[in-house]
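J.: Given the structure of chain Z, go ahead and fit chains E, Y and W onto it with the hints provided.
Each chain is listed here by its residues.
Number of protein chains: 4
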Amino acid sequence: MADTLIKADLSQSPYENDMIHNRWHPDIPMAVTVKPGDDFILECYDWTGGQIKNDDDAADVRDVDLSQVHFLSGPVGVEGAEPGDLLVVDLLDIGAFPQQQWGFNGFFSKQNGGGFLTEHFPLAQKSIWDFEGMFTKSRHIPGVRFAGLIHPGLIGCLPSHDLLAKWNKREQALIDTNPTRVPGLANPPYAPTAHMGRLKGDARDKAAAEGARTVPPREHGGNCDIKDLSRGSRIYFPVYVKGAGLSMGDLHFSQGDGEITFCGAIEMAGWAHLKVNLIKDGMAKYGIRNPIFKPSPIVPTYNDYLIFEGISVDEAGEQHYLDVHVAYRQACLNAIEYLKKFGYSGAQAYSILGTAPVQGHISGVVDVPNACATLFLPTQIFDFDITPNADGPTKFISGDIDMPIAPDRV
Amino acid sequence: MADTLIKADLSQSPYENDMIHNRWHPDIPMAVTVKPGDDFILECYDWTGGQIKNDDDAADVRDVDLSQVHFLSGPVGVEGAEPGDLLVVDLLDIGAFPQQQWGFNGFFSKQNGGGFLTEHFPLAQKSIWDFEGMFTKSRHIPGVRFAGLIHPGLIGCLPSHDLLAKWNKREQALIDTNPTRVPGLANPPYAPTAHMGRLKGDARDKAAAEGARTVPPREHGGNCDIKDLSRGSRIYFPVYVKGAGLSMGDLHFSQGDGEITFCGAIEMAGWAHLKVNLIKDGMAKYGIRNPIFKPSPIVPTYNDYLIFEGISVDEAGEQHYLDVHVAYRQACLNAIEYLKKFGYSGAQAYSILGTAPVQGHISGVVDVPNACATLFLPTQIFDFDITPNADGPTKFISGDIDMPIAPDRV
Amino acid sequence: MADTLIKADLSQSPYENDMIHNRWHPDIPMAVTVKPGDDFILECYDWTGGQIKNDDDAADVRDVDLSQVHFLSGPVGVEGAEPGDLLVVDLLDIGAFPQQQWGFNGFFSKQNGGGFLTEHFPLAQKSIWDFEGMFTKSRHIPGVRFAGLIHPGLIGCLPSHDLLAKWNKREQALIDTNPTRVPGLANPPYAPTAHMGRLKGDARDKAAAEGARTVPPREHGGNCDIKDLSRGSRIYFPVYVKGAGLSMGDLHFSQGDGEITFCGAIEMAGWAHLKVNLIKDGMAKYGIRNPIFKPSPIVPTYNDYLIFEGISVDEAGEQHYLDVHVAYRQACLNAIEYLKKFGYSGAQAYSILGTAPVQGHISGVVDVPNACATLFLPTQIFDFDITPNADGPTKFISGDIDMPIAPDRV
Amino acid sequence: MADTLIKADLSQSPYENDMIHNRWHPDIPMAVTVKPGDDFILECYDWTGGQIKNDDDAADVRDVDLSQVHFLSGPVGVEGAEPGDLLVVDLLDIGAFPQQQWGFNGFFSKQNGGGFLTEHFPLAQKSIWDFEGMFTKSRHIPGVRFAGLIHPGLIGCLPSHDLLAKWNKREQALIDTNPTRVPGLANPPYAPTAHMGRLKGDARDKAAAEGARTVPPREHGGNCDIKDLSRGSRIYFPVYVKGAGLSMGDLHFSQGDGEITFCGAIEMAGWAHLKVNLIKDGMAKYGIRNPIFKPSPIVPTYNDYLIFEGISVDEAGEQHYLDVHVAYRQACLNAIEYLKKFGYSGAQAYSILGTAPVQGHISGVVDVPNACATLFLPTQIFDFDITPNADGPTKFISGDIDMPIAPDRV
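Residue numbers (our numbering), protein chains in the order written: chain Z, 3 to 412; chain E, 3 to 412; chain Y, 3 to 412; chain W, 3 to 412.
There's no promise every hint is true.
Pairs involving identical chains hold if they fit within one copy or between any two copies, as the list cannot separate such chains.
To be verified - The calculated lysine-lysine pairs, modelled on DSSO-like cross-linking and capped at a C-alpha distance of 27 angstroms, are:
| no. | residue 1 | residue 2 |
| --- | --- | --- |
| 1 | Lys139 | Lys397 |
| 2 | Lys202 | Lys277 |
| 3 | Lys139 | Lys244 |
| 4 | Lys277 | Lys139 |
| 5 | Lys171 | Lys343 |
| 6 | Lys112 | Lys296 |
| 7 | Lys202 | Lys287 |
| 8 | Lys343 | Lys282 |
| 9 | Lys342 | Lys208 |
| 10 | Lys277 | Lys287 |
| 11 | Lys37 | Lys397 |
| 12 | Lys168 | Lys9 |
| 13 | Lys37 | Lys171 |
| 14 | Lys244 | Lys112 |
Note that these hints are calculated values from the structure, not bench results.
Only chain Z is shown next, with the shape it has when bound in the complex:
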């Protein structure tokens, strides 16, 4: 078995583990170093570092400190890696810890994070998902069970100083357009809760003050939350610093396209078995700006779908110009209304869309003024038949179970 190079002791705060960090900065020292061709295991905290518990109270979701996220394992230095190379990463396997066979999904309060449908679901809610081998189900959402499409939500290499500066500049410019918005348009550097790995002293403080937050995906990959970047896939990452500095975390047992619930997929702590290689000067050779990848040959084969359409006219009837975000929101809302006819609460339906392997497609993006987005809901994950028929839907779900909800503190 490959060596476990980074361990995550879940009984310990990730801040006490110096092979963990929660900001992107080129000065973070490599936690470990490997050679091209090596395979090894990294253990990871869940993205919140243990803030969310396996219980029936959504207060922890409401009160989460989002300035702490995401806790990443790394950086892993790769010998010989130089800026301009491609770092080839095989995700050989990923799993939960034997002693922690569960994950969480939830919606943040609109006052603290929000989410894709925060106007419709403004309060914190959560669901707990138990793992049964390759499968998962939730005590808070009956009638649905599916195989995991396990993947890291967040993985990428350290940015260079130049790249970091570019990120901070463009994101601050966006914030400046509406600096008091709740939730904020972007998250600027925030030193108080920064965890800079082994970086200490003044160097740590300087880096903490400028280290990029881990929330958005960026050129290096990062928090892409791409469900298809799953165990078994091979990724080609741009390298920006000597040694590459690969970090990862935010493991998901399963997620729907868009990670629309934001908190998040089925979030879990766990481990990943990786193998690394290099394509020297690969960025120029292949014209690479963002990571590219080949998906896994082992993915759930759910292929019977019910597909919902959405167009870029919003809930208020307002016309948007080729706005796929609005269109996908409508497709999601349509699917939620549909599932409610079978007895689910809106929150339960929303959670299914955030956790199950649903696909979100950009179906049409040129037919002015309406973008068309489609949501592919796999029918085989339900215990019952959700196909329309002449008699209308049966309420298979009795409604006596719902997801915990936590009212905002006044």
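T.: Here is chains E, Y and W on its own, set in the frame of chain Z:
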């Protein structure tokens, strides 16, 4: 064999065929009437009504009259259909005409229609695709061949008067925000080129002046350009008028998600074999606003992909807030740069993305401020291996063939 | 559109069409000649030449003249083809005739042909399958509908004189072990009903007396009845005579692995669109004895199966040594018993296994003394759920419809 | 995490572990007891109990004591299970031990076990396969790597006394037809190496003398070696004794249909996570004689195949009557010849067919006198392109690496 209820004589102008129309309006008389349970065949013009020719000159794409599109076959009245019902349509089969085994793809001039990447490809270009049974290839784009995922780009039922009024109002409001933009933000009713089917006289003139243009997808479906709504699928359409009034056209031999080239997919004339049924009061029973559908069990099984990521930072480096449209554009541009390394021109690469069964996924849409879109490029459609390797790409494509281009008229 | 090189007039006896033949012999003249790279269409009679009718009487199945089969279209000569080459054949498309949108399936009487389960179903029965675009269903077997996996049951090149002599010798040797068996162990040449295409006079009579029957698959391919050799696939055939001499027929709209009902798959007349190429000296280059092929990228995606096992202990409890034939028979009988619990008659269940895209796998073939065969029954072809549950099966099928049966003549 | 109810200490002989047994007999006491709805983990020895080593010498394969196999973990008693019930088993997950990330494949000597192609490969050979997360490759067979389709080769419930008697009787009758054959037609009970679990004293000796060997699959399932019965699948087993008595072992990391190499698949020690339930009186309700199952939604998605045909004419040219065993042997031999053209030794090619997820289909089984079998070889498992082309094959494999071979002892 089922009866052909509407015929399309390609040697004749679609304006001379009164079972064709090119606007949406509830007053357009049913061209034919069928019963629930009937199956039948409709023939269709290509969406431009024959404006684009099988030749090596893109002038026809440059000079296309977009006020004429799309020529639709219908409306088909369904006995017993009433507002609030769902019209269940089985797309039993779709094909090209034996005597016209080709289709076209192209980019409009930015001066006349534009498209998804019009800033990068501002001039009219086209490619012609020959069909070989279930497969297609183009003399303008070597090295690529694939099976067709044949589908109607446009299909839906007539709107009610109320729904039509709502469309016109909201779209005009958008236009009013920037009425002189080129290309326009939306297309208002335009009577001179309206084809209102069998509607004649004053009634025709009134309807032509208010008939909705067929370009965007809307609540009824319409020009969704969803590649997965392919032959073999079953669609559930909202019904807004007595008799439903199903119309269709804009047949595609194949298309990538987004139809990014706008002109369009692989566009063709042809026929469709349909079967209709009703779910009475189905809109309320299932909470339906937009059509839903089940995809076909017969689709190309290309499943080996190279996947490109894009984030919502535009080509100029500007940060956009969770803008999937921008993110998908970046993913597409990334794929184009990549394919150029194998010898394709940018235009050829763009066309491949517009025509082949590529998937466009809304992968992440909550990680502020960046949306993440992914483009799945099937590797099995190429004659050569496009996977990255340590040696870098081989220029399999010599570059001596390119797509016809037509400079704008001065 | 490609030219139709061989036409099949279904109102005419195939014996009157000199581009048809029903025996394998190297002296049969080429009916047409094409060049490598050409694509073209061949029309085909159904394998019996029209003996089976679209009605509700199985007498035609009982009385079929099996000495006449199979009526093949060809041979097609390919310029430049020489013995030792591989003839590359693309099955670009295959379909039924517009005016004949149906096919038949049946069991022969044990007295005239028999079949895989002839001990259990000794009398002639048939079912008629109507085509609805890409789908089929039968008025004789309710509750089941599926997309066609359309393919030629029989396709291959003419044998050389040496190869023909080898066939006749080894098959006669088998017959000689039990010459009076009913049904016979093999079918020797039989001149009276031979159709030798354009071969006339003494040459015809000589060839008719030695022409191999078309029933079995052999080194050249021939009557392989491989459902996966479907439209869209590419086949590499050994060439034994100058010009190759490709012939084909026995079109199937759909078939299960094994073609266990023998009469046969869903049998139909129709057309095939082919393209040919050559790999010179390909047999030696690739060590080819039998055809090889790449399957189609367009096949029905039914992937939810209920799988039945069978071992090589026969119905009487007798132990056979690693006999896959016996094991597959048990798997089929197990599936039939299972389906009867839902209300099907045994004959209906048997027909489903013969016509739907079921897979038959050689799962274990070394664990002495029992071979293990598995039958994969796609669950998605049924209108109802056939998965086991704690309550036991529901009789969805009322039993008021059955397949026509024809008692043997006394 | 579920409890591990049976542990396998690989440093200990399985004979010392009384929760292991290697014969089928109803008197073997339950090793553990669970309730319907429970999930739990069983650890398993490899089928030989550690006789084969991770080295480069095939002497262990040559000298294996086959009277010892298979070492099974169990029996697991299920409360409430009675004869006639169906035991529903979910294979929630299966894996290798972290400290033993490898498996073996080999051919037995014809003098000691033999195998499917023992006439062509009469000497003992082996290959060692290293696991890299979900993937495997062998240092003895370059150029090939694939994802595991992990499954138990052997799983089933204890037979009743009556069923056991029937097995022994029919298998002895077969042996009696040629009692001196090498390898034997079947394996009769053999007490000296029997491991009867917790059964002790006279009861043990009596049961050991009549306990059925574990080699063949039988009515209860047993050694089916069905690759599709993989982790994630759900199996419905007939129950013959009170408490059911589920036992399992013979874990495979991957296997081709037929397990043609006999020693065997990629054989490994490991663990399985199971869940059990009951369908009371399920055998009668569903007409079940042999187990049925639903395959996993998580299987490798290799779907690009090169398919080889074989007919029931053997290597000597002799004609067999509808013998699928002979036909599949020809298909396998054809694939081996083909792969040799790319540089593989025959033994390497044979091993690939035995280990990779190849499919073996019973394609035609009625076209007298030839059965037709097809072997589906996935092309995506090779590092290079194995598709035929006009230039002929390239020898990608240099031939400097081969599998260890062990000459028979004289």
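J.: Next step is simple, just say for each hint if it's right about the structure.
T.: Consistency of the hints with the structure:
1. Lys139 / Lys397: within (19 angstroms within a copy, 31 angstroms between copies)
2. Lys202 / Lys277: Neither, since 29 angstroms and 50 angstroms both go past 27 angstroms.
3. Lys139 / Lys244: Intra 43 angstroms, inter 31 angstroms, cutoff 27 angstroms: neither.
4. Lys277 / Lys139: between (31 angstroms within a copy, 14 angstroms between copies)
5. Lys171 / Lys343: For Lys171 and Lys343, the Cα distance exceeds 27 angstroms both inside one copy (47 angstroms) and across copies (31 angstroms).
6. Lys112 / Lys296: Close neither inside one copy (36 angstroms) nor across copies (34 angstroms); limit 27 angstroms.
7. Lys202 / Lys287: Neither way: Lys202 and Lys287 sit 37 angstroms apart in one copy and 62 angstroms across, limit 27 angstroms.
8. Lys343 / Lys282: between (55 angstroms within a copy, 16 angstroms between copies)
9. Lys342 / Lys208: neither (51 angstroms within a copy, 42 angstroms between copies)
10. Lys277 / Lys287: Cα proximity of Lys277 and Lys287: one copy only (22 angstroms, versus 38 angstroms across).
11. Lys37 / Lys397: neither (57 angstroms within a copy, 31 angstroms between copies)
12. Lys168 / Lys9: neither (33 angstroms within a copy, 56 angstroms between copies)
13. Lys37 / Lys171: Neither. Shortest intra-copy (34 angstroms) and inter-copy (61 angstroms) distances fail the 27 angstroms Cα cut-off.
14. Lys244 / Lys112: Neither: 41 angstroms inside a copy, 43 angstroms across copies.
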